[in-house]
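Residue numbers (our numbering), protein chains in the order written: chain A, 86 to 410; chain B, 86 to 410; chain C, 86 to 410; chain D, 86 to 410.
Calculated from the structure, these hints are not laboratory results.
It is possible that some hints are incorrect.
Just so you know, same-sequence chains aren't split out, so a pair can sit in one copy or run between any two.
What the hints assert, rightly or not - DSS-like, lysine-lysine: derived pairs with alpha carbons at most 27 angstroms apart:
{"hint": "1", "residue 1": "LYS166", "residue 2": "LYS240"}
{"hint": "2", "residue 1": "LYS368", "residue 2": "LYS240"}
{"hint": "3", "residue 1": "LYS274", "residue 2": "LYS369"}
{"hint": "4", "residue 1": "LYS274", "residue 2": "LYS128"}
4 protein chains.
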Amino acid sequence: MKGKIKAGIIGGAGYTGGETLRLLLNHPNVELIFIQSRSHAGKPVTSTHPDLIGETELVYSAGSNQAVDVLFLCLSHGESKIFIVENKFPDNTRIIDLGNDFRLGDSAAGREFVYGLPEFQREKIKLAKNIANPGCFATCIQLGLLPLAKAGLLKEVHTTGITGSTGAGQKLQDTTHFSWRVNNISAYKTLTHQHLGEINQTLKALQSNFSEEVNFIPWRGDFTRGIFVTSVLESALSLSEANTLYKEYYASHPFTHVIDEMIDLKQVVNTNKCLVQLEKVGKKLVIHSITDNLLKGASGQAIQNMNLMFGLDESVGLKLKSTVF
Amino acid sequence: MKGKIKAGIIGGAGYTGGETLRLLLNHPNVELIFIQSRSHAGKPVTSTHPDLIGETELVYSAGSNQAVDVLFLCLSHGESKIFIVENKFPDNTRIIDLGNDFRLGDSAAGREFVYGLPEFQREKIKLAKNIANPGCFATCIQLGLLPLAKAGLLKEVHTTGITGSTGAGQKLQDTTHFSWRVNNISAYKTLTHQHLGEINQTLKALQSNFSEEVNFIPWRGDFTRGIFVTSVLESALSLSEANTLYKEYYASHPFTHVIDEMIDLKQVVNTNKCLVQLEKVGKKLVIHSITDNLLKGASGQAIQNMNLMFGLDESVGLKLKSTVF
Amino acid sequence: MKGKIKAGIIGGAGYTGGETLRLLLNHPNVELIFIQSRSHAGKPVTSTHPDLIGETELVYSAGSNQAVDVLFLCLSHGESKIFIVENKFPDNTRIIDLGNDFRLGDSAAGREFVYGLPEFQREKIKLAKNIANPGCFATCIQLGLLPLAKAGLLKEVHTTGITGSTGAGQKLQDTTHFSWRVNNISAYKTLTHQHLGEINQTLKALQSNFSEEVNFIPWRGDFTRGIFVTSVLESALSLSEANTLYKEYYASHPFTHVIDEMIDLKQVVNTNKCLVQLEKVGKKLVIHSITDNLLKGASGQAIQNMNLMFGLDESVGLKLKSTVF
Amino acid sequence: MKGKIKAGIIGGAGYTGGETLRLLLNHPNVELIFIQSRSHAGKPVTSTHPDLIGETELVYSAGSNQAVDVLFLCLSHGESKIFIVENKFPDNTRIIDLGNDFRLGDSAAGREFVYGLPEFQREKIKLAKNIANPGCFATCIQLGLLPLAKAGLLKEVHTTGITGSTGAGQKLQDTTHFSWRVNNISAYKTLTHQHLGEINQTLKALQSNFSEEVNFIPWRGDFTRGIFVTSVLESALSLSEANTLYKEYYASHPFTHVIDEMIDLKQVVNTNKCLVQLEKVGKKLVIHSITDNLLKGASGQAIQNMNLMFGLDESVGLKLKSTVF
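Construct all of the structure, not just a fragment, from the sequences and the given hints.
In structure tokens, the structure reads:
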């Protein structure tokens, strides 16, 4: 396409809206046309994202502007569907929904959504008009299992995942009170996390006979960013065979890397990367995978999908300096 | 006194109420008669303090019981005065107010309050009928300055203090959101903190010509418990003279220790102690002092005051295992 | 027994030695005769445990004193066996080893060791002369599984556990560097943790036909104290049946409580408690269990064992105020 | 200059070497020719900086390569001087030293060094051949005081600053042990911090009659990145006058911003920014300033200096996404 991509953000004051904004401000091929926020309309974006002081003079709009090429919906779950029904955009405006309204095949306002996990279906994404951006846990768990599913080798999986507090959003809650959460660990939504729907949908699409469960135990961690997942299953593959399978699968994917050393969460914090590490002990294959829940698990992946839809290199605007420490 | 001290707590569901409860449950000379909570009446105290599961079957009461020897008021600032006006207790019921309603000499319902800093006026406390328990920052700052004031050596002081998040209470607030507060530092109430009133009141009582300021910069820390204070002032004392002055002052006080090595906050967390360390560089005397804001800075000091009022050893029920790590 | 129990600590400068010291100092039935440290002999214990300033004037000894009723070995793994071979103590001196040298049935210097998990074999412990104190992860995992094993209902288990940094000891290591560990999560010893030996030994003792694995994934957490474990297995029990089984099993055990609400780690930090919570989803029974790795997982349990061996109430000296926040 | 700037890094395995590497890898005008590390020669840089997996195949060199336009010295204090004496580089190779060897006017190997604080002397830096990059605390404190010194309004200053653990470097130390540092605060180098030399040198250069002290209390914080500084002094300026003075001073400087709202440390973490906020209470002017100690306080400022020396826009390669949370 000629010129810059004109982009708009709906729901810019929250965590995913803010991260999408941070990425778009530094994206060389994008011009941010507007950023909407119902609760902060008329205020500068720096009033809610003060780390951007000196980088932008943008002011939140109350409404949206139809003259955009791409629209990022950064709304609470359930609100995206309502929004696109109530707000008509031109047919050629791409929509990327960061919520969970369209991940399981739902459509609205005549729009069909493609599940936006590039490592699963990059070619479909390139042709998509609308994207349902995957959930944060869903991304990290699937990236640990995709190669096995593609090879038809998936069996019952036991998965534990721990997430940073930003996964719970900006709203004040008992479980995000500092005095409670710091130095604390807790479990929630045991075996019933809402991301299991999209996870199973993908795995069955790759391995049609997969009827076993992904037994997923989510934990709340006492950090803000990142997801660490360990999945365990029986496998006849040797470690070497498994590594070959995984490395071949991800060879052409710039953000997902299979590595041989033990990984730790901070290797990916503040980046769009996913690192995967395999171990084999006895009959059990163990897969560790890590992502930043707000980037590869949300806004970063949304930009990656935008890049693919507009024919750009997948990683434009996503070469981020990790925080490391 | 014969038999156990009958105690009641008003406002048991908050942080200071909960800590008072934890201390009274293990106090060998106290029988806890009731613990009141407007918002949780009828529920077990373990519903709000689940760490006490297995230790108590107490249920929050809606009202209070007059047949107590001592009453701990663990209310929001401003509510204590209203409470004692609306709820008459027998004259011989001692009241210990953990709020700030009576620290500056106010009285209500015919009750006069003694400022309950044992290292300042232990003998008065022993005879008191009602105690205004000091503020958390006020305690830690005063314990760093009392010996100088007593000796008439106080000059203008520059003080910086950092506090844990529990100092801000249990209510959900932007500044106690985990995602914001962790790894973060911020300033608030610069040079205007409400504890300056009680600090200056004590210092002037000891050194009548003290008219200089305590310039106090409070910071919010990214931890839950504890206060670290550094005060700087000009002094003609040598380090050795200053140490002698301080060690003599605190010699008979079981919870405040003057030590020669560099101190760190976790040495006092989960205890009723205050550690003080002095340094002298050029003309400047530097005093570091540390306390746990919920114990020596609130509930622990309240129990210490109760012990004194009832003729017990000051430290009964307060030999607490520090968390250390 | 008449008079106080005379106790000695070998290896007092480390974490478990320090916690044992802190507990013994406040134990009403114990007189601490000596605390030994090779590296700190001649120095006050407050030089390594400065939080004890004001509580003890003890000085580390170079050697040990045979006139003790009980000896706590707080040494690195492998050193206990060497110690008791090289240092003869009277036959009636009880030895409690906090290391892992004797947990799998090894003996030395003519001493047989009883595995000191009170919830597993309290009566044996009461009669024991020497105790092999369980490992921290081993304690928390077993307390989540004992009732099932006793009922013969154990099947293959998938367990994930996360531990505080104090589990890695005091030695400076890459994985305990603050800049690395804070906000970080990592896996280690996947499916091969050394505590699996003692775990399987207990489970098979209770359920002789248990030949399935405990698949244990240990994670390093970014906090200092505590272990959170989730175990998952298939079970025909309903939630109600499982709760009944567990509550009956632990009814007479003062430190382990089965509760119905979601648990979080800080409920047990700085206490000797274990909380267990059950969930049932589909065919899967899920057991969450939490402990403080240095107390119920080490020094607290050692004192509990001492109490049992000397005919005291199990919980004397162990009514600790939790840190809560 | 034509083509890319050829750069080399000496001492690439530490924190500042690693951050310099991360910035140079994404700098559009730089080609990184080599990265040296004595201890890791021959190993891939991802062996010490695993967050860079997928971004670079660079291997540490044992020695250096003279064919570079700019050399970054990321060595321990004292080693830079030795290095440039023992290793001759062409005269037109610019050297940027991140250590403290040349900040107070020392020269070596015929090279004179310009103190590299752009907000103090940008024009000199543009013409410099060699740069002494400022210290982390020194940067944050000076940026809070420069406008006053320039206006001749500086008086005795009381400053407290708290720093993240990365300021203490990568070496394992007692004060960077996770179990000790987390949730902890401590003071060190009270009124004697080594950065006072360069701070006073700058302030006196701007205000020749400044002979009063900067009384600086440094604290260790329980976070990894960032410095928060509060300085207090008497001033006749109103808040409005002070804000005008500061805003005019920094108007042309892209990384330092004077803002009216209360600031918090995470607003600048993982960026090259400095935020400054002023308050006036009574006669006292209070200045809060914040920076990331590894970026504006070290590697980011080094790149900023490089940009200036090579005629580039000051902010090229430094538009970093903040971590925010």
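Each hint tested on the structure:
Taking CA atoms no more than 27 angstroms apart as the test, LYS166 paired with LYS240 passes in neither setting, with 35 angstroms inside one copy and 45 angstroms between copies. With identical chains, the CA atoms of LYS368 and LYS240 are at most 27 angstroms apart both within one copy (12 angstroms) and between copies (17 angstroms). Taking identical chains as interchangeable, the C-alpha atoms of LYS274 and LYS369 lie at most 27 angstroms apart whether they share a chain (26 angstroms) or sit on different chains (14 angstroms). For the homomeric pair LYS274 and LYS128, the shortest alpha-carbon distance between copies (25 angstroms) is at most 27 angstroms, but the shortest distance inside one copy (37 angstroms) is not.
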